Amino acid sequence: MKKIEAIIQPFKLEPVKEALKNIGIDGMTITEVRGHGRQKGHKEVYRGQEYNVDLLPKMKIELVVTDARLNEVVKTLTEAARTGKIGDGKVFIYDVAEAIRIRNDDRGETAL
Amino acid sequence: MPYRFWVAMLAPTLALAQSLPPQTETRIANLENAVKSAQSAGDNSWMLISAALVLMMTGPGLALFYGGLVRRKNVLGTMMHSFGLMCVVTVLWAIVGYSLAFAEGSVFLGDLRYLFLNGVGAAPNADYAATIPQQTFMIYQLMFAIITPALISGAFAERMKFSAMLLFTVLWMFIVYFPLAHMVWGKGGFLNAFSNGKVPCFDFAGGTVVHISSGVSALMCALYLGKRRGYLVEPMKPHNLVISVIGACLLWVGWFGFNAGSAVAASGLATSAFVATHFGAAAAALGWILAEWMRTGKPSVLGAISGAVAGLVAITPASGFVQPFPALLIGFAAGVICYFMVTLVKAKFGYDDSLDAFGVHGAGGTVGALLTGVFATNLINDGYKDSAGKLLPLGWIDGNPGQVLNQLIGVAIAWGLAIVGTLIILKVCDAITGLRVDKEAEIEGLDLSQHGEEGYFFEA
Chain W
1 MKKIEAIIQP FKLEPVKEAL KNIGIDGMTI TEVRGHGRQK GHKEVYRGQE
51 YNVDLLPKMK IELVVTDARL NEVVKTLTEA ARTGKIGDGK VFIYDVAEAI
101 RIRNDDRGET AL
Chain F
1 MPYRFWVAML APTLALAQSL PPQTETRIAN LENAVKSAQS AGDNSWMLIS
51 AALVLMMTGP GLALFYGGLV RRKNVLGTMM HSFGLMCVVT VLWAIVGYSL
101 AFAEGSVFLG DLRYLFLNGV GAAPNADYAA TIPQQTFMIY QLMFAIITPA
151 LISGAFAERM KFSAMLLFTV LWMFIVYFPL AHMVWGKGGF LNAFSNGKVP
201 CFDFAGGTVV HISSGVSALM CALYLGKRRG YLVEPMKPHN LVISVIGACL
251 LWVGWFGFNA GSAVAASGLA TSAFVATHFG AAAAALGWIL AEWMRTGKPS
301 VLGAISGAVA GLVAITPASG FVQPFPALLI GFAAGVICYF MVTLVKAKFG
351 YDDSLDAFGV HGAGGTVGAL LTGVFATNLI NDGYKDSAGK LLPLGWIDGN
401 PGQVLNQLIG VAIAWGLAIV GTLIILKVCD AITGLRVDKE AEIEGLDLSQ
451 HGEEGYFFEA
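Note that the protein sequences, when read in sequence, are chains W and F.
Using the working numbering, the first residue of the first sequence is number 1, and each one after it goes up by one.
Using the working numbering, the first residue of the second sequence is number 1, and each one after it goes up by one.
Bound conformation, chain F alone (with noise of 0.2 Å):
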């Protein structure tokens, strides 16, 4: 809007210009950068801001989350994953993932174009964001991807191997998740609805590139994995909620870089998204612990944290598109049906989602894209238009039901690709490291028998 405000007050003093001295023009163009700059700070500060509010959601917010919810034997083990997926992404990003990711490629996959971020540097990407450096969305970026894989280990907790999930994350990445990121968010993607994509889809944040595409692969780990051993007959009862909590806490608020981020710029629409985030998280978890409530009799407070969560991942792509009071209608909806999904649907069906990654994140991510398609509005978001620059409906309230349908096709090749692709990659893993730790192991617990410590040794 300043800059708006800018441009229109020099407009008149524009058309004179032709009549000004050439001193007088120096000045209008060095006072035309000055705005440039100006506006390419603020939205840099936010966005390195949320580069490091997204990476705080895996360490400590998910760390924490998921720490908590393991027996005291497997804490640390468990918080290895999302420390050691930090690293492990981050340098895979540096050599080929952003390249994969978001280079100008096919409709399914980057080039190799910024291949060791050649190229990627402080001139913006004006594809992807305007006024920042590159380098600014490379790192946000980044923080997604490092989020993603550390979500799935939420299924195979306290039993899979430390050599096998590297192994896994690393293969998972080049066959689930750079594909997939570009198809929706790359130039030319073929779901990216603001790149003339083939299916248009609507997914501000990342409902299906993270949340849809970790929690179905989670699902097939868990499948694929069996029980732990002990599996409702010993008790599997959380260590420490105390723990959880606070990372549930860090999640929510990591939660505001991760969308109001995905605005790329500190405007509207960041705002818009910020409170949407907020409120989503906010109607979850009372829609969880209600639905706990009339249940069982009790409200508790994994619930409350859980539906929180659940919230966060099912407004993540509808966070830029929608306005607040659909927010509060999507987060509610997601704590009510991610909680019978924890409960009666994997009692049903009898997997063990350790931590209910697929109950949570892929049921929950499965509702936000199709509630997206619903509740999407050009009054909120004005990026989508057609050649002529005409502003288009984007969802059934704007008058555009078809968009239910795309937003359906968009899960449907997210379910598609996860399932496939992970459960080649599970064979892979199996064939060469083996999968799951062997029983003595897995009785000693992960911490001793993988990385040959304790997480709590209060004798000392």
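Chain W extracted, bound-state conformation (with noise of 0.2 Å):
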């Protein structure tokens, strides 16, 4: 099993979550968070005060899957996701050691 640990533009969750699911994957978890990576930031001004703003709003999506879809999931992630500008995010998977399902104790690839 492996865990996909997608950030990517907030402006995206939702052209990903519907390729996600074309493929029959409905199961994840989102988080609001903030960050960059070479994406510069921007500028804001209040009554003269600057302040440089370079943690952006992004989106951070988990999900684990079974070892032999995880290709084709992060490829239908990552194309979803894409503008092709800077700031598109970037993925990292992780291998997972065990899943339970918490309902009825199912364990490992059953349990996703």
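Among the hints, a few may not be true.
To be verified - Where chain W lies over chain F, by a calculated footprint (3+ residues, C-beta under 8 Å): (1) 235 to 241; (2) 297 to 310; (3) 342 to 349.
Derived from the structure by calculation, the hints contain no laboratory data.
Since the model is a prediction, treat every value here as computed from it, not as a measurement.
Note that beta-carbon positions come from the ideal geometry of N, C-alpha and C, so glycine has one too.
Once you've looked at the hints, go ahead and assemble the two chains, each given alone in its own frame, into the complex.
In structure tokens:
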């Protein structure tokens, strides 16, 4: 099992969800986050007082998939989230040691 | 006008009255009373609405405007400054404030004849407003007394103890506001142009009494209290400009009561002041954002609403004396000047006037008071006459350049009283309650440390 952690543009959340749903993935966890990579922030001015805002709003999607589906899911996700401009975000993939469904104690891939 | 119309219509009838039977005389007397009562009803309804409009400037107007400009942890504390003063000043006013400000007394302060509002009832007080109950005049003036100290709170926002704020305000009303209101507006006041004042100043709706006094006192507070912890190091962005926009719009609307209501009648002068007020606000908003656009490349919403407030401040003393186009000029000048006050001047001197109470009200009020001396004209206001009843020239454009000097003296007195009075009061409060919250409380925010609440709690 692999955990996919994708940080994307907030306005790309709906297209990504839709694309994942179309290939049969409908479980995921979403968090509103702020951060930046290479994308520079912007300047704000309030009554002459300047602020550089470099942590920008992003969405973090976390989902766990079977090893077999990993490539297909990542490809779908990145294609749906891509605009081709700086600031599109990143995807990180981790190994998952175990998955447990709390309701009935299912273990492993059946718990996904 | 309707009243004069009826008098003109009745004049030939009155000449015939001697030959008329007593029954007709009674009917004419009844008719005259009915005309008077109709005018009183018109004036009184406008003045009660104006009073409510001016209260709306403090709450929710100023509370929202200031509340949006602070950080989220201080939103309730800041709104409570305005709301708390709505209550505190009201009680003071009822007990002794109205009397000290508006009773006849010395040239500097009223006496105690209206203590506990004794004798302030439905009968008009012809010295101030002959067609409305004195009680209406009293409640209308109260709303001015409420907003003035609330304006100061912009300077000490985010760091003053609530207890100190209350004590400061009570002392400030006695030492600065009541005397200044009496000098400018009270019967026999030192600066009252319409009551044989020594130095006749024109201040229609409170440019000196309300805005210079609060703005300059605000500067003293900012200097005495010192900067907010983390000023210019930590971000101190306005936490919610949306509520500030709502607040500024409520201030704008409320200001019609403030300025047009200062005609104390539903008269042509009220209309003229209404128009000048609106024009001043609009031109000032444009002046501010144009200056900003040229300097930083973007016209901001905060700039537009700050400019509008600056224009409303500046047009306040002038509103009942100037024609519409000078009103646009006064507004535009105030917008540009106040923009440079809150950006260049504040940065140069380094004081932390948190919400720019001085930059907007002190500077805007001073600009407005001086320009009133330039643009005031008896084409708009025919209330200033010599003992023979001849109209006197008002401002420079009426051929009375010396009025600018009179205005300058009025401004200097307001500045002086605000500086000295406020510094003394701050010393006293510092000794009794202490002024600033301690370090932990300031970091935690006033909402939790002073009031035990939070403004926003979305998880509930």
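Verification of the supplied hints:
1. 235 to 241: Result for this restraint: holds, n = 4.
2. 297 to 310: holds (count 5)
3. 342 to 349: holds (count 5)
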